Amino acid sequence: MSRSVARHTGAATEPAGAEAVRARARLSEAAELTWPEAGERAAAGAILAIAVGATEQHGPHLPLSTDTDIAAALCLRLAALRSDVLVAPPIPYGASGEHAGFPGTLSIGQAALELLIVELCRSATDTFDRILLVNWHGGNLEPLRRAQALLQRESRDVRLYLPRFPGDLHAGRSETSVQLALTPRRVLLDRAAPGDPRPLPELLTLLRSSGVRAISPNGVLGDPAGAAAPEGAALLDHLTTDLLDRIRLWWPDSA
1 MSRSVARHTG AATEPAGAEA VRARARLSEA AELTWPEAGE RAAAGAILAI
51 AVGATEQHGP HLPLSTDTDI AAALCLRLAA LRSDVLVAPP IPYGASGEHA
101 GFPGTLSIGQ AALELLIVEL CRSATDTFDR ILLVNWHGGN LEPLRRAQAL
151 LQRESRDVRL YLPRFPGDLH AGRSETSVQL ALTPRRVLLD RAAPGDPRPL
201 PELLTLLRSS GVRAISPNGV LGDPAGAAAP EGAALLDHLT TDLLDRIRLW
251 WPDSA
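Using the UniProt record's numbering, read the sequence shown as starting at 1 and increasing by one per residue.
These aren't lab readings, by the way, just hints derived from the structure by calculation.
Owing to the predicted nature of the structure, the values given are computational and were not obtained by experimental measurement.
A few of these clues could be false.
Pair by pair, the computed Cβ-Cβ distance ranges are [to be verified]: (1) Glu32 to Asp129: 36 to 42 Å; (2) Leu244 to Glu202: 29 to 35 Å; (3) Gly101 to Pro166: 26 to 32 Å; (4) Pro184 to Arg146: 32 to 38 Å; (5) Ala228 to Leu200: 19 to 25 Å.
The beta-carbon is built from N, C-alpha and C at its ideal position, and this holds for glycine as well.
Using the sequences provided together with the hints, build the complete structure.
Below is the structure:
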């Protein structure tokens, strides 16, 4: 693809409105703001969205950041649709002990994750009245629920979004399709292979006692065959709509 370049300044030409789009994207991400800007967003009633992911194996074909990538993408899509959503830097570590034994998995465990969420949200509610946690890793569920319960007992308005959708469990067709929709260059389809296809109820006891490696040597729970970017984009659209509906229920007076 050819790129038009301004002859004298060396700056790439941009379509009309590109600067405004870039400024809007910047203002949707908390880490890009100055502290006065963050204060202004908080005073205007911003919802602080925090993606909770993991750094763990996702089969031989998906990146270790898959859970974090998808949770962060949901937050950014939400911010693109609602001007009152501000996206915090994602949490890239979670409770991934079931994936021990696969190189690259970095787990902080349930207790550490629970403490991290509690302390982070306590700090966040010094500035923001409403906190939204968006999770994409099943191993995070129990510590997130415990953390949320404690924070709510402290009268902090912290909500937890746990996506639900039909599909396989881990690094199968669903997650592979979503990652293809997000970052296709990071998906190694030539290395994709099926793992254990059994549903979670049949695997849960063994997962808890022995971990994923005892069930699926390649780390996949499901089958990535047939994964496609359009399918992943449709799933992202479905989950974004579901998340929007949840926010309207949780905060009916918000934008």
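Here's how the hints hold up against the structure:
no. : hint                         : result
1   : Glu32 to Asp129: 36 to 42 Å  : violated, 21 Å
2   : Leu244 to Glu202: 29 to 35 Å : holds, 34 Å
3   : Gly101 to Pro166: 26 to 32 Å : holds, 29 Å
4   : Pro184 to Arg146: 32 to 38 Å : holds, 37 Å
5   : Ala228 to Leu200: 19 to 25 Å : holds, 24 Å
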